[in-house]
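2 protein chains.
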Amino acid sequence: MTNQNETNSNFRAIDEETGFVIGEDFVRFEQKNDAFSRSTWDEELKSKRAENFFQAYLMPNAKPRKGEGYQHLDYALRNAAWHMATSLRQFSPGRGEGFQDMFTIHEQGWSEKVEVGSSEEAAKVVKNAAIMLGADIVGIADYDERWVYKTTFRRQTLKPGQSNTIPTQTEPEIPEHMTSCIVLASEMPLSLNRTVPSALSGGSSGIGYSRDASTCISLAQFIRNLGYEAYACMNDTGPSIPYAVQAGLAEYSRSGLAITPEFGSRVRFTRVFTNLPLKADKPIQFGVKEFCEVCRKCSDSCPPQAIAKEAPSAEQINVSNTQGLTKWTTNAEKCFKFWCSQNTECSICIRVCPYNRTFNNRLDRAWRWLAGTRLRRLALWVDDKFNSHTGKKAGWWWNERNAGVKRYSSLSIKK
Amino acid sequence: MTNQNETNSNFRAIDEETGFVIGEDFVRFEQKNDAFSRSTWDEELKSKRAENFFQAYLMPNAKPRKGEGYQHLDYALRNAAWHMATSLRQFSPGRGEGFQDMFTIHEQGWSEKVEVGSSEEAAKVVKNAAIMLGADIVGIADYDERWVYKTTFRRQTLKPGQSNTIPTQTEPEIPEHMTSCIVLASEMPLSLNRTVPSALSGGSSGIGYSRDASTCISLAQFIRNLGYEAYACMNDTGPSIPYAVQAGLAEYSRSGLAITPEFGSRVRFTRVFTNLPLKADKPIQFGVKEFCEVCRKCSDSCPPQAIAKEAPSAEQINVSNTQGLTKWTTNAEKCFKFWCSQNTECSICIRVCPYNRTFNNRLDRAWRWLAGTRLRRLALWVDDKFNSHTGKKAGWWWNERNAGVKRYSSLSIKK
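Protein chains in written order, with our numbering: chain A, 7 to 421; chain B, 7 to 421.
Read the hints as simulated data drawn from the structure, not as lab findings.
Among the clues, some could well be false.
Any copy will do: because identical chains look the same in the list, a pair fits if it lies in one copy or spans two.
List of simulated lysine-lysine pairs, DSS-like, C-alpha gap at most 25 angstroms [unchecked claim]:
| id | residue 1 | residue 2 |
| --- | --- | --- |
| 1 | K119 | K69 |
| 2 | K285 | K315 |
| 3 | K285 | K69 |
| 4 | K295 | K399 |
| 5 | K69 | K52 |
| 6 | K340 | K315 |
On a predicted model such as this, the values are computed, not experimentally measured, just so you know.
Based on the provided sequences and hints, a complete structural model is requested.
Structural data, given as structure tokens:
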């Protein structure tokens with residue numbers, strides 16, 4: 007990492023397009039400081055409850071209870087939805103693939119670089135492949151070292167009782183000569199999301215993770231098959247959201263999540279870093295920032311009050327926030343502790359967001375247009391009045407949603 | 007296996023519904039006799055070419071050539087599409103998971119059987135879960151021992167030069183106390199299928215296999231999470247098609263493939279066997295048998311002439327056909343040898359089939375209705391006249407199909 011001021015000036019152009027406000031005091035995030043990592047070493051987040059929360063993803067340790075949405079069937083589906091991601095994570099024993107380390111589940115590719123034309127042609131090839139290999143949306147950003155962890159964290163080398171010795175390594179996992187970051191996204195199923203809060207609704211994240219894992223691993227293999235380097239990353243390596251915004255897939259929002267025009271924030275991002283030069287996409291604006299300024303549905307609905315009610319600021323609530331970024335800042339400690347208290351993940355902020363729609367119909371698209379105009383307060387009123395973001399019970403999901411349906415059929419997609 | 011006559015009488019009811027014609031001389035298929043297994047031990051199918059064909063799925067051994075559709079990019083995508091299936095296959099070293107053995111990539115489930123209601127309620131639970139975990143369509147059949155291999159085959163214990171000693175085991179892999187077989191299907195992407203014959207189009211199978219693997223493993227994990235036994239099977243354990251027909255997902259066709267109302271034969275089936283009692287679905291008829299009687303598009307288009315032009319018969323062309331089944335019988339030797347000569351799989355019979363449509367529009371559904379009436383010859387004429395099943399070039403797929411599309415968006419499915 008070169009001098010911060012120099013770096014900042016290098017990135018001024020893209021920051022103007024994304025609207026990122028990055029101070030002189032910006033410091034790259036250290037992976038050990040995310041809430042999940044901290045729960046293994048930081049007394050503030052380390053607890054028996056946190057341990058139980060993670061353990062509950064393996065069935066014998068799930069603790070189903072009586073409340074609707076937290077029963078045996080709900081945990082059984084949630085954990086099955088996570089199963090592919092969990093299995094792939096354990097492909098290399100001792101590594102947290104896709105969670106704290108990039109994936110290594112690759113075959114040998116081609117030994118020399120194959121000619122794939124201009125960076126524009128290469129981008130088309132890669133996007134075609136990405137969609138076919140399972141991504142719902144795809145965008146490309148230039149490699150940006152700011153969004154690579156300053157230090158990485160190794161949970162697997164953390165020894166019992168070693169909470170004061172945090173295992174980190176200085177070098178990022180991926181080589182510095184990467185040129186592009188391909189951002190892929192998987193929609194999280196709406197029907198499961200509607201049952202938030204519940205263990206059942208965790209299946210929505212699990213399916214997102216499992217699909218993401220498959221998609222990014224396959225796309226990285228495709229690029230390796232062309233003789234280039236490619237690294238498939240999920241939660242590891244660096245934060246996803248800045249890349250999703252820079253790749254033109256989404257806008258940053260009050261909840262701290264990125265909002266896509268296709269699925270709102272009901273989406274999971276994954277990335278493939280490569281040295282295959284690819285023409286980057288332009289960031290998009292469709293009115294999310296201005297809409298979030300007048301809407302507080304996520305912050306009002308957050309049980310632990312972890313989401314900013316105020317204007318964007320550079321305040322670092324705790325070490326889980328990046329230093330030197332002016333933005334709506336969430337309190338990851340409060341958020342994570344609420345997850346642990348529920349014994350499952352929470353996505354209330356995703357469910358209640360007015361952009362949590364399907365956009366495969368004219369009314370939703372008309373609403374999105376309205377929300378992007380000066381009539382955004384009208385859009386908010388329309389959303390209040392006509393679009394139900396209220397939760398559904400798990401019983402609805404299991405019994406009523408498809409009641410009487412003998413067989414099912416997806417729409418035929420990806421022609 | 008009990009006395010054949012007794013067994014046959016037990017299954018008379020379901021055979022009447024499916025239209026299966028099963029003789030007194032029926033013998034369960036031996037896995038060693040499928041064309042893939044035979045290519046490892048039977049001089050008739052064993053060749054350097056066959057070896058190259060299998061090797062080409064790993065990139066360093068692919069032999070891209072100049073012809074459109076067989077170039078480097080095409081093999082790169084095909085092999086990336088197969089990557090998840092290939093990786094999962096190798097999860098347990100030495101086993102051909104999903105290809106010759108059932109999958110074992112499972113976490114510990116629940117230790118005792120959880121109450122899930124009547125077999126009808128359990129079927130609804132399982133179908134809900136199957137669709138959410140990635141299946142495009144799902145159906146349930148009762149366990150039927152006829153469609154479990156009489157003997158299984160172990161490629162990994164076949165020693166070099168041991169072609170006369172075929173490693174088999176007498177016992178089927180799955181326990182006999184299974185009660186149900188859940189049949190899941192994944193659509194194979196139409197756009198890739200349109201480029202048949204080509205290496206590129208093999209990506210269509212690869213994506214089907216990779217999705218299938220994920221779906222059946224996840225569903226089996228869900229059932230295990232409820233405390234029941236569940237075995238995830240792809241090509242192993244027994245033939246898929248009879249189960250797909252018995253589960254009401256498809257009708258048997260001239261090409262030897264099963265035709266679904268949703269995707270025609272452009273679909274891959276996978277199965278989960280379980281001892282969780284599930285109410286079986288009823289077989290369906292929507293006119294495929296009668297339509298195939300007047301249509302010979304698949305048999306006329308098959309380069310090695312491997313598909314029956316005549317009426318269904320009990321003739322066993324070679325050991326790769328099941329003894330005692332009256333049906334349209336394909337010549338697996340000719341089919342497999344053609345694949346090897348092309349250095350990639352072939353799906354011409356899928357591409358040219360008049361049922362190879364999307365059925366997400368009224369015209370296709372109207373055509374399907376017409377094909378199921380006495381006016382089926384008119385439907386065939388309409389198909390000839392208006393529906394292009396002619397191949398597209400790989401260049402179309404890479405350059406024209408999505409030309410100018412900056413980002414992509416799937417339809418929002420599985421709400």
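Comparing the hints with the structure gives:
1. K119 x K69: between (51 angstroms within a copy, 16 angstroms between copies)
2. K285 x K315: Close neither inside one copy (37 angstroms) nor across copies (52 angstroms); limit 25 angstroms.
3. K285 x K69: neither (48 angstroms within a copy, 29 angstroms between copies)
4. K295 x K399: Neither: 31 angstroms inside a copy, 44 angstroms across copies.
5. K69 x K52: within (19 angstroms within a copy, 53 angstroms between copies)
6. K340 x K315: within (15 angstroms within a copy, 69 angstroms between copies)
Consistency note: the structure conflicts with the earlier hints numbered 2, 3 and 4.
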